[in-house]
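Chain order of the listed sequences is A, B, C and D. Each residue of the first sequence is one higher than the one before, starting from 1 at the first, in full-length UniProt numbering. Each residue of the second sequence is one higher than the one before, starting from 1 at the first, in full-length UniProt numbering. Each residue of the third sequence is one higher than the one before, starting from 1 at the first, in full-length UniProt numbering. Each residue of the fourth sequence is one higher than the one before, starting from 1 at the first, in full-length UniProt numbering.
What the hints contain is simulated information worked out from the structure, not anything from laboratory work. The structure displayed is predicted, hence computed values, not measured ones. Be careful, since some hints might not be right.
[What the hints assert, rightly or not] Which bits of chain D does chain C cover? Going by a derived footprint, with three or more residues having C-beta under 8 Å, they are:
(1) 74–88
(2) 259–268
(3) 292–302
Here a beta-carbon is modelled for each residue, glycine too, at the ideal position from N, C-alpha and C.
4 protein chains.
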Amino acid sequence: MSWNSFGRVFRFTTWGESHGPAIGAVVDGCPPGLVLSEADIQPWLDKRRPGTSRFTTQRQEPDQVRILSGVFDGRTTGTPISLLIENVDQRSKDYGEVAQAYRPGHADYAYDAKYGFRDYRGGGRSSARETASRVAAGAVARLVIPRVRIRAWVEAIGGDAIDTRAFDDSEIDNNPFFCPDPGAARRWEALVDSARKAGSSLGAVVACEATGVPAGWGAPLYAKLDSELAAAMVSINAVKGVEIGDGFAAAALRGEDNADPMRPGANGPVFAANHAGGIAGGIATGQPIRVRAAFKPTSSILTPVETVTRTGEATEIATRGRHDPCVGIRGVPVVEAMMALVLADQALLHRGQCGW
Amino acid sequence: MSWNSFGRVFRFTTWGESHGPAIGAVVDGCPPGLVLSEADIQPWLDKRRPGTSRFTTQRQEPDQVRILSGVFDGRTTGTPISLLIENVDQRSKDYGEVAQAYRPGHADYAYDAKYGFRDYRGGGRSSARETASRVAAGAVARLVIPRVRIRAWVEAIGGDAIDTRAFDDSEIDNNPFFCPDPGAARRWEALVDSARKAGSSLGAVVACEATGVPAGWGAPLYAKLDSELAAAMVSINAVKGVEIGDGFAAAALRGEDNADPMRPGANGPVFAANHAGGIAGGIATGQPIRVRAAFKPTSSILTPVETVTRTGEATEIATRGRHDPCVGIRGVPVVEAMMALVLADQALLHRGQCGW
Amino acid sequence: MSWNSFGRVFRFTTWGESHGPAIGAVVDGCPPGLVLSEADIQPWLDKRRPGTSRFTTQRQEPDQVRILSGVFDGRTTGTPISLLIENVDQRSKDYGEVAQAYRPGHADYAYDAKYGFRDYRGGGRSSARETASRVAAGAVARLVIPRVRIRAWVEAIGGDAIDTRAFDDSEIDNNPFFCPDPGAARRWEALVDSARKAGSSLGAVVACEATGVPAGWGAPLYAKLDSELAAAMVSINAVKGVEIGDGFAAAALRGEDNADPMRPGANGPVFAANHAGGIAGGIATGQPIRVRAAFKPTSSILTPVETVTRTGEATEIATRGRHDPCVGIRGVPVVEAMMALVLADQALLHRGQCGW
Amino acid sequence: MSWNSFGRVFRFTTWGESHGPAIGAVVDGCPPGLVLSEADIQPWLDKRRPGTSRFTTQRQEPDQVRILSGVFDGRTTGTPISLLIENVDQRSKDYGEVAQAYRPGHADYAYDAKYGFRDYRGGGRSSARETASRVAAGAVARLVIPRVRIRAWVEAIGGDAIDTRAFDDSEIDNNPFFCPDPGAARRWEALVDSARKAGSSLGAVVACEATGVPAGWGAPLYAKLDSELAAAMVSINAVKGVEIGDGFAAAALRGEDNADPMRPGANGPVFAANHAGGIAGGIATGQPIRVRAAFKPTSSILTPVETVTRTGEATEIATRGRHDPCVGIRGVPVVEAMMALVLADQALLHRGQCGW
């Protein structure tokens, strides 16, 4: 079944394992006539690429993308766009331990329970490496919605949150944490360093905002824009929670405190508070779309943890190797990509560009 | 497009407006041979039915369900099951105000932006009345997964949470709040009463647990069991956030604190903490599935709120009429229904009952 | 799985058995703002209705349709349109024989093999009565494509074909056979009468043409317009073959004889011969869409035929009761409905009306 | 939209143009644990490969397939199988004429009407080269249904049909026409040679039979096994008609002549005549599945034909280059592949292997 495809009309399918020859995506439903080359995709892959600072895994992957189809004379043709990224740094190592014992918190046991068989090298299909394919597809999606501005950032690491009053959009790219608050960024350096040195890991909260989404995008009931976004965010490795607008905070309020006064505006009503995060009844209100995703700390830690072997014996396992001390950081471009993919889908639906 | 259908193999489609002659659902993909009659569905509809206590809306709807197809000699045939519920209490009133001005926090403006036209009587298709169809379909879904036990409850109202140490499963049905903590239930009486009398409303957090789900159900990547559950919960009116397992709490932890030791068990490994809420890599681990949904306070309050008219003028609106002071309460059977619908879908997929 | 739904964006789901309380369809994806009432649907149902001449089954069904949702103030709202048709003439009879022995040529054995259980009353879900739901949904589809003219007729009965030189469009509704050739219509009276009196049945070929379909509708590869039409036609009870344009005749030609010269025209190129039936590479060329469907003679005949019982013993069965001597005749409005449903789907896709 | 994907649970997506760097397919939903290597796929690609006799195009393509994902330790993992075939023989030539004028009978005009832009080199996406991807995917599908035997052959070329009494299964691979009748094969040599030398082309009828399909596969109404097969066959380039079982011949019969007596058999009832081609009510009866496809003569002929330019002027065009004199011949392995893909889908559905 289409477990590896996402989207309704702007639809992409990813394939590939972390230790196979390559990974990739096929983007189906992209309109014809868009100017597209590898140069439009590579910057987003570079943003996600590992090894860019000491706060991410040291695995070295150039993540160079190749376009194999769907583009002619520098423009999309409306036919499937095949994107290919070769795997380069597959450090040969002994996977014996991982092959025999389940890493707690990883998908190892669940995969065996489902498939009775798994590619245990680096997690195989369950590896976060698959998200490179999403980022590549997301770069194509961005070309479909040029007027929409998508921006994600890290809002908290290990429980240490930014000061929203210090929020500075221009700071996000000035630090290795995609942090909009310089003060928090400084604190996180020490925090993430200590976790990294201790072979530990940290959870994080990533926020994402999309502006320029016209009122009316989305759909009622079982394809609500917020349902699509929730599914998209939870589909990202390590994400365990999602909020639309004020999310759980709204559940603690009275109606008056959550009320969202509407006032006449140049381009339709303006919502004074936008508690709803730009979505009502599953449909965009024309206000900024606001989503938040909770990333758990990765289970790849040096501290040995009790587990069981494939044959059911008790044992202990510690995860060595090159891991992200805080996966939420590199989750930022992935969250942006999923937002772009969901919105491109809506754009085509509502613009009537569903014929390809 | 299939905005009104949900599910992959156990698939249902709902139809109907709150003020039309009837609402209903067509359940497609139900296996043949299941014993089914209206008596299997009615109790769940009664659990959701309005007017059962002073803490819910006083609209009187018998919500009697009729099965129009798909059953022969008391058993399902594998063909579509058509369920019909007549609308009875459509109190004739003047909708002039709602027709002209948008209710802030409601879907009124978004629907007009999308469709350019809407059935404004009681919210039309965006009315929570649609959830009766889900509960009816969910009752059929439960018959597909007899070994799975699904239980939802209210965990907090207006920020006042239960004491988890006082959690008593048997208390849930002993109070009008589906509250497992008798102490909290007493406090909530006063809290909800005051909100009701003030014409205000309260947000709530609903938790749901499913036990008996075998390891292996679910799928990787874009059909993760947690993605399906997140989409299902966010598709419920007023839900603005979802957590799987520990959700946002996990984002504040270090890897060691979120570690989930696995120990040998009679039926596969046992997870000591189940922080993950029974799902890893999108696939069930065999542990209890745990989900939490945040319900915002309904926007239907007596306090006038600024808004705009269809023609863009500034005005004020207060929502009179019969409304739930805390929609989260009646959200409990709906959350259970969506859980049942998602799991029935998985059951058929993994049992190989996808042929109908 | 969605065995009972058809269409991508203009999507309908049918439900109901020939001997249940009712049958119906839910039409999802219909644009908002279309003027719609029962009066727009009833004439097409009447065209298909049994008992209108001695050449069709004498079962009496008023086939009165009711719209239960999706329409407000006489216009569609963009939400699901629920259509309901009550079953009236379910003559109580003894189905013992059909319950125990499989009718050769019917779906009885196949249904038992698949479901292990079936509603044997009048064929249950496999009854051609289901096509009434298609005709009702097709009537809504026609409103989506007002500029497209769809016309079907019977081209041959029992091997006796019309004289294409005598083709007169205005004659089609002047005889009980939807026959465009008055001479053939006269011959068919005797032919069908003799079959009816002998308790026999006759096969037929139904042709359908759609004009006004703009070049560009359709899609390449796995959703070719001709693929969609072929699937739609073969989904009709008793259809065993489909031709697009010249169909099998083209397979006997040389390239020169099948060449289709293109000449400049007021609205794009004109194809001199239109051998292709208005479709090239799966996409409409702007020429008339031409499809032909082969209806087998119904297996419901009085002549006893060898068969087996549910328990595997050899026996004989003859099908008594009220049957169509030539199901192809009443197939005409069904073929038209399927053509309308496929084209409405394409219209929405290419007009960018996929948002509902 | 998924115009480039086919199948419900065994689902494949193809990508690539005839003159791009490569073409390929992603097979999603293949069960884990199947032994698979390039060696299982290559023989089927070789059967379709051009240039194997003087009766097919002389374009030289090695069509070497590479598996990029979804296989570990020689077995499928249940994750997507990415198949890649490089394009080698893209003879550089001047496409100016084809770029400016539409080839009658080709998809040129329809593509421009739809996309406003096309890759005119060798037909781009509309080139029959895409069928190599189907054959590769079909080879994987065959591994899913080892007990099903699929066999296709050419039944007629240019109207010259085989003598069914001379049918000899073992002859099919003994001649370049996949012809089961040695006498016809001899006649076709001269026939196809003359067409080839004259720069003409010939239509053909391809028949396909699948044995070993258990009763019960398939589904009612809108996913009938015959509907799926009809859509699959018509999706093949140049196919303009499809017959299930006796097809159009049945439309000329009386019920008695089309009756299909059932007799007790070792493995369920045996149908004496199997007029229905192994399908009743959309569901397999356990008898051989029989399908016939009509291939038109390719429009690529040397005789100049009237046409129009992109700018609407009248002109003439003759198609030079390396073309198949009878595309139906190389259509044989493609028809077999589509049959295998449809049946693999059904196998997984009915075996309950839909979880991946």
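For each hint, the structure was consulted:
Counting residues of the region 74–88 of chain D whose C-beta lies closer than 8 Å to any C-beta of chain C gives 0; at least three are required, and the coverage claim is violated. For the region 259–268 of chain D, the stated coverage by chain C is satisfied: 7 residues place a CB nearer than 8 Å to a CB of that chain, which reaches the threshold of 3. Check on the region 292–302 of chain D: 8 of its residues sit with their Cβ under 8 Å from a Cβ of chain C, so the three-residue criterion for coverage holds.
Comparing the model with each earlier hint shows a violation of hint 1 alone; every other hint is respected.
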